[in-house]
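Working from the sequences, and respecting the hints, build out all of it.
Those sequence lines, one after another, are chains H, V, R and G. In this text, residue positions in the first sequence follow our numbering: the first is 62, and each later residue adds one. In this text, residue positions in the second sequence follow our numbering: the first is 62, and each later residue adds one. In this text, residue positions in the third sequence follow our numbering: the first is 62, and each later residue adds one. In this text, residue positions in the fourth sequence follow our numbering: the first is 62, and each later residue adds one.
Don't read these hints as lab results, they were simulated from the structure. Treat the hints with care, as some may be off.
Put simply, identical chains are the same to the list, so a pair is met inside one copy or across any two.
[To be verified] Okay, derived cross-link-like pairs now, BS3-like style, lysine-lysine, Cα gap no bigger than 25 Å in a straight line:
#, residue 1, residue 2
1, Lys64, Lys165
2, Lys101, Lys165
3, Lys107, Lys64
4, Lys165, Lys98
5, Lys150, Lys80
6, Lys79, Lys107
7, Lys79, Lys165
8, Lys176, Lys79
9, Lys150, Lys165
10, Lys97, Lys165
11, Lys150, Lys107
12, Lys97, Lys107
13, Lys150, Lys98
14, Lys64, Lys176
15, Lys176, Lys150
16, Lys79, Lys150
17, Lys107, Lys80
Number of protein chains: 4
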Amino acid sequence: MPKINRYVDIDTVEREAKKDYIDRHSPFIHCAATAKKGDKFAVIVKVGNEYSHPDDFDHYIANISLYSSETLVARADYVAGTLGGQGAKGQLEVTFNIVPTASKLNLVAHSYCTKHGLWESDPVVVEVTE
Amino acid sequence: MPKINRYVDIDTVEREAKKDYIDRHSPFIHCAATAKKGDKFAVIVKVGNEYSHPDDFDHYIANISLYSSETLVARADYVAGTLGGQGAKGQLEVTFNIVPTASKLNLVAHSYCTKHGLWESDPVVVEVTE
Amino acid sequence: MPKINRYVDIDTVEREAKKDYIDRHSPFIHCAATAKKGDKFAVIVKVGNEYSHPDDFDHYIANISLYSSETLVARADYVAGTLGGQGAKGQLEVTFNIVPTASKLNLVAHSYCTKHGLWESDPVVVEVTE
Amino acid sequence: MPKINRYVDIDTVEREAKKDYIDRHSPFIHCAATAKKGDKFAVIVKVGNEYSHPDDFDHYIANISLYSSETLVARADYVAGTLGGQGAKGQLEVTFNIVPTASKLNLVAHSYCTKHGLWESDPVVVEVTE
Numbered sequence: 062m063p064k065i066n067r068y069v070d071i072d073t074v075e076r077e078a079k080k081d082y083i084d085r086h087s088p089f090i091h092c093a094a095t096a097k098k099g100d101k102f103a104v105i106v107k108v109g110n111e112y113s114h115p116d117d118f119d120h121y122i123a124n125i126s127l128y129s130s131e132t133l134v135a136r137a138d139y140v141a142g143t144l145g146g147q148g149a150k151g152q153l154e155v156t157f158n159i160v161p162t163a164s165k166l167n168l169v170a171h172s173y174c175t176k177h178g179l180w181e182s183d184p185v186v187v188e189v190t191e
Numbered sequence: 062m063p064k065i066n067r068y069v070d071i072d073t074v075e076r077e078a079k080k081d082y083i084d085r086h087s088p089f090i091h092c093a094a095t096a097k098k099g100d101k102f103a104v105i106v107k108v109g110n111e112y113s114h115p116d117d118f119d120h121y122i123a124n125i126s127l128y129s130s131e132t133l134v135a136r137a138d139y140v141a142g143t144l145g146g147q148g149a150k151g152q153l154e155v156t157f158n159i160v161p162t163a164s165k166l167n168l169v170a171h172s173y174c175t176k177h178g179l180w181e182s183d184p185v186v187v188e189v190t191e
Numbered sequence: 062m063p064k065i066n067r068y069v070d071i072d073t074v075e076r077e078a079k080k081d082y083i084d085r086h087s088p089f090i091h092c093a094a095t096a097k098k099g100d101k102f103a104v105i106v107k108v109g110n111e112y113s114h115p116d117d118f119d120h121y122i123a124n125i126s127l128y129s130s131e132t133l134v135a136r137a138d139y140v141a142g143t144l145g146g147q148g149a150k151g152q153l154e155v156t157f158n159i160v161p162t163a164s165k166l167n168l169v170a171h172s173y174c175t176k177h178g179l180w181e182s183d184p185v186v187v188e189v190t191e
Numbered sequence: 062m063p064k065i066n067r068y069v070d071i072d073t074v075e076r077e078a079k080k081d082y083i084d085r086h087s088p089f090i091h092c093a094a095t096a097k098k099g100d101k102f103a104v105i106v107k108v109g110n111e112y113s114h115p116d117d118f119d120h121y122i123a124n125i126s127l128y129s130s131e132t133l134v135a136r137a138d139y140v141a142g143t144l145g146g147q148g149a150k151g152q153l154e155v156t157f158n159i160v161p162t163a164s165k166l167n168l169v170a171h172s173y174c175t176k177h178g179l180w181e182s183d184p185v186v187v188e189v190t191e
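Dropping the structure here:
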């Protein structure tokens with residue numbers, strides 16, 4: 062409360078509408094499996110994998126947050142219209158470039174839909190080498 | 062992951078350091094028990110009740126979010142220094158004035174500490190009358 | 062570019078529609094003329110003084126920022142619906158409580174309308190005494 | 062007030078320290094010269110071109126905003142530590158992917174340094190074709 066919805070593998074979901082609902086709201090983290098300490102490392106967060114979310118004034122993805130363990134790494138905020146606006150659909154996508162210093166990143170992303178609340182990605186572990 | 066720490070009544074906690082730790086990180090919602098539909102309604106969110114949090118550059122409360130059920134109502138962001146800066150302690154406090162339209166508000170606040178992550182308040186239910 | 066619209070005294074403006082346009086978009090800072098160093102000091106930022114702004118999905122005030130000289134003190138973000146939602150009008154209002162350490166605050170607020178961009182308040186100088 | 066510092070071509074600046082100061086604070090927009098209406102279009106905003114900014118707790122780039130004309134497209138917020146943390150330097154970089162619908166984008170980026178305030182990029186015009 063607020064509930065944080067967590068992604069579940071949509072291959073395990075039967076109803077098409079539910080697959081769509083879960084997938085289009087969930088943030089997905091795309092990045093390399095390993096990073097080099099002190100080097101720039103790109104973390105892409107994309108909302109939706111196989112499905113797309115509306116970009117309507119009263120129903121859009123308003124922000125994306127990226128955490129590493131308990132730490133907020135970065136957050137991107139949007140108003141409606143970034144993905145084509147009223148009537149359009151799309152997958153919100155942001156690339157945060159970070160420079161890791163710890164030996165491991167435990168990345169998790171959150172996205173916030175103005176109608177359906179908070180969603181959490183699957184975690185992604187990145188090994189950071191010297 | 063990120064863990065969301067939830068407030069627990071510190072009267073049930075024995076160790077002084079733990080009482081302090083929990084209290085100073087937790088957001089507390091202060092508002093009237095009832096609101097009038099269409100009228101301005103003040104919701105104060107204050108971080109810490111009996112204890113105060115540092116406002117150091119490397120350790121401060123960076124944001125406060127207010128949700129009603131699954132909906133983000135407002136969020137306030139800060140940089141270090143709002144409460145006196147390096148060496149000072151304080152209770153971050155923001156008043157969001159909202160105009161309720163639903164028949165009930167289910168308020169929950171989150172605060173984010175740059176060292177100790179996300180914290181969630183006790184929920185507060187407000188009856189909204191016509 | 063983006064243009065920052067600045068408040069002008071609407072008593073100097075003739076056309077009613079223009080008075081309304083300027084007033085309802087402008088943030089106004091309300092606070093005491095003096096503060097005490099190290100004590101909590103309330104700064105209210107209210108968008109609109111004599112006029113009110115729509116809270117429609119495609120036209121609302123999305124954020125309020127408070128600066129002291131070049132420093133960002135705090136920022137509040139909103140989605141549409143805080144002031145009654147579609148069809149309603151209101152004056153967005155937030156109270157930031159800060160603890161001043163400098164001998165003077167040079168406060169300026171910005172507000173952002175999703176249709177009419179950035180607006181800047183009149184500056185407010187606060188003397189901070191020991 | 063707050064002053065918005067604007068990038069000036071550092072080739073016209075003589076003092077090395079001033080070149081560094083201007084360059085490391087200024088956001089630079091990198092994107093294609095033309096976009097296709099309805100297609101994803103990547104806008105990279107990078108703070109610093111030839112010089113790098115500290116990522117210290119008391120001195121870092123806290124946010125990047127992207128505007129198209131008067132409209133806020135997206136904003137990214139950071140806490141200190143994204144670029145390697147205390148003692149490290151770097152160029153904060155975010156990629157916002159947007160879907161243009163207008164016939165032209167008039168992009169401008171702002172960055173905010175916790176010590177040296179607001180900085181504005183050179184504008185970038187993007188032609189959007191059908």
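How the hints compare with the structure:
In this homomeric assembly, Lys64 and Lys165 come within 25 Å of each other (Cα to Cα) only across copies, at 17 Å, whereas the closest approach inside a single copy is 28 Å. In the homo-oligomer, the alpha carbons of Lys101 and Lys165 lie at most 25 Å apart inside one protomer (15 Å), although the nearest pairing across protomers, at 32 Å, exceeds that limit. Taking the closest pair of Cα atoms, Lys107 and Lys64 come within 25 Å of each other both inside a single copy (21 Å) and across two copies (22 Å). Taking CA atoms no more than 25 Å apart as the test, Lys165 paired with Lys98 passes inside one copy only; the shortest distance there is 10 Å, against 40 Å between copies.
Taking the shortest Cα distances, Lys150 and Lys80 sit within 25 Å of each other inside one copy (16 Å), while across copies they are farther apart (38 Å). With identical chains, the CA atoms of Lys79 and Lys107 are at most 25 Å apart within one copy only, with a shortest distance of 19 Å there and 38 Å across copies. Taking the shortest alpha-carbon separations for Lys79 and Lys165, neither the intra-copy value of 34 Å nor the inter-copy value of 28 Å comes in at or below 25 Å. For the identical chains of this complex, Lys176 and Lys79 are intra-copy neighbours only, at 16 Å inside a copy versus 35 Å across copies, given an alpha-carbon limit of 25 Å.
For the homomeric pair Lys150 and Lys165, the shortest alpha-carbon distance between copies (20 Å) is at most 25 Å, but the shortest distance inside one copy (35 Å) is not. In this assembly of identical chains, the alpha carbons of Lys97 and Lys165 lie at most 25 Å apart only when taken from the same copy (10 Å versus 39 Å across copies). In this homomeric assembly, Lys150 and Lys107 come within 25 Å of each other (Cα to Cα) only inside a single copy, at 13 Å, whereas the closest approach across copies is 28 Å. Proximity of Lys97 to Lys107 under the C-alpha cut-off of 25 Å is found in both arrangements, the shortest distances being 23 Å within a copy and 20 Å between copies.
Taking CA atoms no more than 25 Å apart as the test, Lys150 paired with Lys98 passes between copies only; the shortest distance there is 14 Å, against 37 Å inside one copy. Taking the shortest Cα distances, Lys64 and Lys176 sit within 25 Å of each other both inside one copy (13 Å) and across copies (24 Å). For the identical chains of this complex, Lys176 and Lys150 are neighbours both inside a copy (15 Å) and across copies (21 Å), given an alpha-carbon limit of 25 Å. With identical chains, the CA atoms of Lys79 and Lys150 are at most 25 Å apart within one copy only, with a shortest distance of 17 Å there and 36 Å across copies.
Only within a single protomer do Lys107 and Lys80 lie at most 25 Å apart by alpha-carbon distance; the minimum there is 17 Å, versus 37 Å between protomers.
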